[in-house]
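Residue numbers (my numbering), protein chains in the order written: chain A, 35 to 374; chain B, 35 to 374.
A portion of the hints provided could be inaccurate.
Put simply, identical chains are the same to the list, so a pair is met inside one copy or across any two.
As the list claims (entries may be wrong) - Quick list of in silico lysine to any residue cross-link-like pairs, SDA-like style, CA-CA up to 20 Å:
1) Lys40 / Pro74
2) Lys304 / Arg57
3) Lys271 / Ser240
4) Lys148 / Leu366
5) Lys147 / Gln250
6) Lys261 / Thr345
7) Lys220 / Cys232
8) Lys174 / Arg228
9) Lys272 / Asp233
10) Lys261 / Glu342
11) Lys148 / Thr119
12) Lys110 / Asp233
13) Lys59 / Glu251
14) Lys82 / Arg228
15) Lys148 / Asp278
16) Lys261 / Val213
None of these hints come from the bench; they were simulated from the model.
2 protein chains.
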Amino acid sequence: MPELRKDPIIGRWVIIATSRGLRPKDYQAEKVRYLYQSCPLCPGQEEKTPPEVLAYRQSGSLPNTPGWTLRVVPNKFPALEVEGTLDREGVGLYDRMNGIGAHEVVIETPEHKKALSKFTEKEFENLLWAYRDRILDLRKDTRFRYIMIFKNYGEAAGASLEHSHSQLIALPIIPTAVVEELVGAKSHYEEKERCIFCDIIRQELSDGSRIVQENQEFLAITPFAPKFPFEVWILPKKHASSFDQGQKSQYEALSRIFLDVLRRLNVALKDPPYNFILHSSPLQERAEDYYHWHFEIMPTLTRVAGFEWGTGFYINPTPPEDAARFLREIDLTIESEEIP
Amino acid sequence: MPELRKDPIIGRWVIIATSRGLRPKDYQAEKVRYLYQSCPLCPGQEEKTPPEVLAYRQSGSLPNTPGWTLRVVPNKFPALEVEGTLDREGVGLYDRMNGIGAHEVVIETPEHKKALSKFTEKEFENLLWAYRDRILDLRKDTRFRYIMIFKNYGEAAGASLEHSHSQLIALPIIPTAVVEELVGAKSHYEEKERCIFCDIIRQELSDGSRIVQENQEFLAITPFAPKFPFEVWILPKKHASSFDQGQKSQYEALSRIFLDVLRRLNVALKDPPYNFILHSSPLQERAEDYYHWHFEIMPTLTRVAGFEWGTGFYINPTPPEDAARFLREIDLTIESEEIP
């Protein structure tokens with residue numbers, strides 16, 4: 035059973051793989067499993083993954099067989115385990131709990147080589163519905179306090195399989211980065227009785243220099259103080275704390291703008307590795323008034339990794355106003371011929 | 035002039051290179067300048083760096099000529115600029131200030147190919163004295179609130195030059211990661227009137243399972259909740275908030291244990307890329323009672339980078355107790371023949 039441990043100084047929880055920890059030689063041997071043949075996520079290979087927990091499939095096709103357009107399975111090498119009770123323990127100064135949680139893989143397409151930026155709006159919208167369906171299902175498990183949904187695209191961004199997929203981790207704790215956002219947003223709300231994200235949206239719409247794209251329901255911006263060059267946030271214009279509580283029209287509008295942003299990044303930065311992360315409200319805590327869900331998309335462009343990991347201090351070599359302008363000026367109508 | 039910008043939600047300051055920002059094509063072209071010939075940090079190439087601000091040299095040798103054993107120069111491509119006044123500005127919700135600061139390179143040895151783990155204790159001690167000398171000098175500049183000293187070793191850890199060097203950045207703000215530590219340590223002190231780091235040292239000495247090495251003055255441990263596999267912290271056993279306020283014997287003892295830890299990591303993980311970061315008290319704030327300086331050393335072993343950057347959520351595949359045991363069990367007496 036993995037273990038969750040809390041840093042006694044700053045309160046950050048980390049997952050420690052206690053059961054079968056990697057030894058020094060494992061790191062030397064570690065190669066990213068970038069499989070081109072016998073991909074375990076491809077149709078016909080369903081027996082290579084644990085049984086599916088969700089699939090969108092052709093009517094008549096059987097579970098765990100081909101015929102799906104999207105499939106969600108438990109991670110075969112989970113960072114957390116779903117079975118068991120949530121035991122907590124103090125050891126002197128330290129706090130630990132056993133690593134209860136869900137770790138799932140969202141197989142976004144049956145096509146091995148199809149990148150997300152090549153999805154149709156309908157295909158992309160299905161992915162958003164899958165995120166929502168899994169959140170709604172996992173919400174029933176009261177052991178969980180937070181659901182993280184994220185995608186690693188490309189080796190440099192941490193992807194270990196080429197086949198297009200995203201991941202979901204349900205946690206019995208709230209990750210530090212989310213706690214920081216909640217604390218900041220709550221403090222702004224207590225002072226001004228306004229959501230800070232709504233204030234940001236108003237200011238960005240009025241300023242304009244960091245807007246990448248917008249439609250009736252969503253705004254895509256490069257944030258004022260981005261950690262990474264070409265970082266883009268997509269926020270619903272209307273206040274809402276949880277991703278999974280939207281109307282159908284919202285998912286359609288989000289699909290359009292999200293795909294548009296991914297295509298712009300794809301053209302501007304020539305198919306860059308990237309991560310995106312859904313920031314949504316915690317499951318148990320009440321944050322409706324002051325938290326505002328959004329996606330953060332971060333291309334992996336710089337190598338100054340370890341230092342910034344260690345300090346939380348970021349040096350960004352591209353002003354977000356420049357990044358937004360580059361992305362705005364991309365002509366997507368000529369994209370399809372140029373980029374494979 | 036670079037710019038410092040504050041994230042309005044969580045309060046994180048980032049440096050934005052506004053003057054000559056990188057364009058999309060610069061990232062595609064970006065190659066790490068791993069120079070083997072005409073290294074700008076080698077003796078005889080002194081004109082390739084800005085004039086030195088500190089050097090330990092043979093008596094009689096002239097500034098900015100060969101004859102040095104260690105040399106500190108301003109970074110030729112600084113993230114912050116030292117000239118100017120510290121102007122602050124609010125723009126609606128947002129805060130910015132101009133990027134005043136110092137960014138220096140500590141050239142640790144004249145020998146191009148000599149890694150830090152191959153230094154003698156005396157050479158390593160000189161490096162610690164150089165850190166101290168620079169801190170004492172930069173303390174005089176009241177614009178600065180924090181001095182970060184760090185090393186990136188190896189390309190994967192962000193080093194852009196092969197020649198052994200570390201870096202110093204003096205900042206008009208306190209980085210988020212340090213603020214978090216200060217807040218946590220202060221809260222512990224207010225509750226218990228004890229330094230949390232001193233409490234950790236007592237518990238680790240009594241427990242023993244995470245001790246890598248110790249001597250009379252210092253303790254090297256793998257922390258209870260490490261972000262990274264084989265992360266090691268080196269702490270002075272006696273409470274002290276600032277690195278630069280120690281006695282001579284402390285720097286000797288620190289040199290011994292630091293070198294011992296680097297050699298163990300070097301053998302266990304076969305010359306891994308790594309970062310180390312000095313965590314010391316801010317320059318203006320009074321944190322003597324509750325803050326406790328230390329070094330954090332983080333080998334770069336895993337690739338799950340972007341996601342953890344984005345969430346502050348870490349999955350560590352090696353329990354720190356295992357890592358400490360592997361490192362303790364290294365026999366350093368047979369090291370020199372095996373490792374180039």
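Results for each hint:
In this assembly of identical chains, Lys40 and Pro74 lie within 20 Å of each other by CA distance neither inside one copy nor across copies; the values are 34 Å within and 44 Å between. For a Cα distance limit of 20 Å, the shortest separation of Lys304 from Arg57 across copies, 13 Å, qualifies, whereas the shortest one inside one copy, 37 Å, does not. In this assembly of identical chains, Lys271 and Ser240 lie within 20 Å of each other by CA distance solely inside one copy; the values are 13 Å within and 54 Å between copies. Taking the shortest Cα distances, Lys148 and Leu366 sit within 20 Å of each other inside one copy (18 Å), while across copies they are farther apart (50 Å).
Within a single copy, Lys147 and Gln250 get their C-alpha atoms no closer than 32 Å, and across copies no closer than 59 Å, so neither meets the 20 Å cut-off. In this homomeric assembly, Lys261 and Thr345 come within 20 Å of each other (Cα to Cα) both inside a single copy, at 12 Å, and across copies, at 12 Å. In this homomeric assembly, Lys220 and Cys232 come within 20 Å of each other (Cα to Cα) only inside a single copy, at 13 Å, whereas the closest approach across copies is 33 Å. Neither within a single protomer nor between protomers do Lys174 and Arg228 lie at most 20 Å apart by alpha-carbon distance, with minima of 30 Å and 42 Å respectively.
Taking the shortest alpha-carbon separations for Lys272 and Asp233, only the intra-copy value of 11 Å comes in at or below 20 Å, while the best inter-copy value is 48 Å. In this assembly of identical chains, the alpha carbons of Lys261 and Glu342 lie at most 20 Å apart whether taken from the same copy (9 Å) or from different copies (13 Å). Taking the shortest alpha-carbon separations for Lys148 and Thr119, neither the intra-copy value of 39 Å nor the inter-copy value of 52 Å comes in at or below 20 Å. Proximity of Lys110 and Asp233 under a CA criterion of 20 Å is satisfied in neither setting, with 42 Å inside one chain copy and 39 Å between copies.
For a Cα distance limit of 20 Å, the shortest separation of Lys59 from Glu251 qualifies neither inside one copy, at 51 Å, nor across copies, at 32 Å. In this assembly of identical chains, Lys82 and Arg228 lie within 20 Å of each other by CA distance neither inside one copy nor across copies; the values are 49 Å within and 53 Å between. Taking identical chains as interchangeable, the C-alpha atoms of Lys148 and Asp278 are never at most 20 Å apart, the minima being 26 Å within one chain and 55 Å between chains. Both within a single protomer and between protomers do Lys261 and Val213 lie at most 20 Å apart by alpha-carbon distance, with minima of 18 Å and 17 Å respectively.
Checked against the numbered hints given earlier, this structure breaks hints 1, 5, 8, 11, 12, 13, 14, 15; the rest are met.
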